[in-house]
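Chains as they are written, first to last, in our numbering: chain A, 1 to 251; chain B, 1001 to 1251; chain C, 2001 to 2251.
In case anyone wonders, no lab produced these hints; they're calculated from the structure.
Just so we're clear, the structure is a prediction, and the values are computed from it rather than from any experiment.
Among these hints, one or two may not hold up.
Said to hold, decoys possible - Every beta carbon over 12 Å from chain A, so not counted as near; a handful from chain C, in silico:
1. Pro2010
2. Pro2181
3. Leu2234
Stated by the list, open to error - Derived lysine-lysine pairs resembling DSSO-like cross-links, with alpha carbons at most 30 Å apart:
4. Lys101/A / Lys233/A
5. Lys247/A / Lys233/A
6. Lys1101/B / Lys1002/B
7. Lys233/A / Lys1233/B
8. Lys2002/C / Lys1233/B
9. Lys1247/B / Lys1233/B
10. Lys2002/C / Lys2/A
11. Lys2233/C / Lys2247/C
12. Lys1002/B / Lys2247/C
13. Lys2101/C / Lys2002/C
14. Lys1002/B / Lys2/A
15. Lys2233/C / Lys233/A
The beta-carbon is built from N, C-alpha and C at its ideal position, and this holds for glycine as well.
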Amino acid sequence: MKGVIAAINPNATVIDLCHSIPPQQILQAAIALHEAIDAFPDGTIHVAVIDPGVGSRRRAIAAEIGPYRFVCPDNGLLTPLLRRFELRRFVELDRPQWWRKDVSRTFHGRDIFAPVAAAWSTGRDLSELGTIQTCPLIEISLPAPCAIAESDPNLKRLQCSILAVDHFGNLITNVTRYDIPRDAESVEVQIAGQCLSGIADCYADRAAGQLVALFGSSERLEISVVNGSAATKLNVAPGAGFTIVWKGQRR
Amino acid sequence: MKGVIAAINPNATVIDLCHSIPPQQILQAAIALHEAIDAFPDGTIHVAVIDPGVGSRRRAIAAEIGPYRFVCPDNGLLTPLLRRFELRRFVELDRPQWWRKDVSRTFHGRDIFAPVAAAWSTGRDLSELGTIQTCPLIEISLPAPCAIAESDPNLKRLQCSILAVDHFGNLITNVTRYDIPRDAESVEVQIAGQCLSGIADCYADRAAGQLVALFGSSERLEISVVNGSAATKLNVAPGAGFTIVWKGQRR
Amino acid sequence: MKGVIAAINPNATVIDLCHSIPPQQILQAAIALHEAIDAFPDGTIHVAVIDPGVGSRRRAIAAEIGPYRFVCPDNGLLTPLLRRFELRRFVELDRPQWWRKDVSRTFHGRDIFAPVAAAWSTGRDLSELGTIQTCPLIEISLPAPCAIAESDPNLKRLQCSILAVDHFGNLITNVTRYDIPRDAESVEVQIAGQCLSGIADCYADRAAGQLVALFGSSERLEISVVNGSAATKLNVAPGAGFTIVWKGQRR
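Work the whole structure out from these sequences, hints included.
Okay, here's the thing in structure tokens:
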């Protein structure tokens, strides 16, 4: 893909965001893309190729969402961004003039997405790259934390889930700062038979080897082992559920 | 290696092709290099360091093959390219003036190949980098599919082999589109006790979890599991054999 | 981190040194950084983020050491460099004007180190990035080979240790060329019940599958298996000890 881009726009700066999304995990890719987006320069074109439907009738698209630009398959990768920013316009990539001459059935990253992104980066308008579409983009389900009723009105319980495991074995969850009120008391994270008291400020707040829950670099609650791997210690994988309980109001 | 290149030619664009070739697997590296070559801009210098003989008497070379330029050990890495393009000229890298001052016995990528490639990229002619050679480059054996005689003249059987396993667990084979005639009927891939009917057009042609054979991004037959890993499911590694049978003519 | 840098200094060339240091292994990171430093162009800013103390009170710093520039946590990462070069001056990164607007407690690489390095690369002086410090930088213990007394005055024995395992499974040790005299005779490396005779010049000096000790690309003694993995064959990990014996003088 980088060779193809360099051949079309030698001045393009290409940055790898992530090569470690497990194959076909669109949800994990969607979250990684969403959480990195703010760190990139204005005008960046984000090319995302998690594409289990490659070669089938799934649409290939280029889209302008809020201030951002994307080239990717229409398979839900943009869902978290569509919830946060306006979909300004998008095209189906249906103009082979921008593609590699021979298009394979298994690697559209190289044959369609990369050359289209390179053409876009040379100053082409979105509308040149394909046909403007009006039917909606595909969205995937984003698991949200779910409040569970308690007989004690002062006790709050949230059913949550693990979205991803990062390089360090930290468990990235579907809980954000806004899901737990600031004045919550006696917060407890219950996962895989373990019980974590309180939300820490940083890893170093706990001793090495201990479990810790804290809000990570993406404002999401992470469950970690200090200087270790929570995924290994708890034997937990993406999709697993866990519970947070506290005393006080649920925002 | 990139630091060395940046010090000699700060304007060079460096692109990583692949860091996941298993150590010492010259055949897999040769295939990966050959299959990526078309995607890179004209004038690219390809530096390939799969180099189990580093520090021994194996030659270090720079070569012009067809429209392409290479810097690598003379150990067979260029074999598939030599079968497809003309070897125009090559030199042995025997001029320490282009090397790092201290040359280790274990990392010529950093100490010889990278600085020579950087010098070449600044406009030096190939003949400046070393002494023009006339004795042939080393070639490795490329396993080719082999037709097996059948008593039924209308039944064709091809003995094939797995060359590599990619990041997704797809099995990359030594079979290309040209090995199976377009009018072949009842094509069957037999591997590890499994039998796959027909060649699919894309992964999405089969249900998740199913085995599928299709021509991949390099025009090679690949054996895959839809949304899964064929290497894991079949417990097959590079070097393993398999069979393709069909009714009709063998081209 | 690269997105943040590109937003501040689009002309910066960013080179990845290494992403495979095991989490929290400051010693391994310190050695990798030290050994790569010579290969990079003058003026390079080295950003090193092995940062188990992120979010705690550990200092974030920028430093000029010998001819080199660094941005990193003050946790010992620079120890081998401080032993070899003069610490010219350093600052604590205490000026949020150079940081991302929202600083997380878990990813200062993105929020502090990357934007500060980018600002530095645009021509800022070190003294603008933070407050000049005079109290010393934190240093970690670097395990040194240790001579063991022998009753035979002509027999020398050195107690050594494994510092790291590289991508190939080579064992990188704390022994350098200068620890074994050139005129040493009958050198023997004793590790995990195995005994290696002599120091080889290159991997190809031994047959495939054999253990070999040689001085690697960093002038350190490495223990390898030709075309294989010494870490797997010997089941040895960083921190393990081993012994070298020879006849003659210890330098």
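Quick rundown of the hints versus the structure:
1. Not every CB of chain A is more than 12 Å from the CB of Pro2010/C (nearest about 7 Å), against its label as outside the interface.
2. Non-interface status of Pro2181/C relative to chain A is upheld: no Cβ of that chain comes within 12 Å, the nearest being about 40 Å off.
3. Listed as outside the interface, Leu2234/C is consistent with that label: its C-beta sits roughly 24 Å from the nearest C-beta of chain A, beyond the 12 Å cut-off.
4. Pair hint Lys101/A plus Lys233/A does not hold up; C-alpha atoms about 49 Å apart against a cutoff of 30 Å.
5. For the hint linking Lys247/A to Lys233/A, the alpha-carbon distance of about 28 Å falls within 30 Å, and the restraint holds.
6. A C-alpha spacing of about 17 Å is found between Lys1101/B and Lys1002/B, which places the hinted pair at or below 30 Å, so the restraint holds.
7. This hinted pair checks out: Lys233/A and Lys1233/B have alpha carbons roughly 27 Å apart, not beyond 30 Å.
8. This hinted pair does not check out: Lys2002/C and Lys1233/B have alpha carbons roughly 37 Å apart, beyond 30 Å.
9. In summary, the hint linking Lys1247/B to Lys1233/B is supported, as the alpha carbons are separated by about 28 Å, within the 30 Å threshold.
10. For a cut-off of 30 Å, the pair hint linking Lys2002/C to Lys2/A stands: about 16 Å separates their Cα positions.
11. Restraint check: the Cα-Cα separation between Lys2233/C and Lys2247/C comes to about 28 Å, which is no more than 30 Å; the hinted pair holds.
12. A threshold of 30 Å between alpha carbons decides the hint, and for Lys1002/B with Lys2247/C the separation of about 41 Å lies outside it, so the pair is violated.
13. Of the pairs offered as hints, the one joining Lys2101/C and Lys2002/C holds, with about 17 Å between alpha carbons and a cut-off of 30 Å not exceeded.
14. Between Lys1002/B and Lys2/A the CA atoms are separated by roughly 16 Å; this keeps the pair inside 30 Å, and the hint holds.
15. For a cut-off of 30 Å, the pair hint linking Lys2233/C to Lys233/A stands: about 27 Å separates their Cα positions.
Hint compliance for this structure: hints 1, 4, 8, 12 are not met, and every other hint is.
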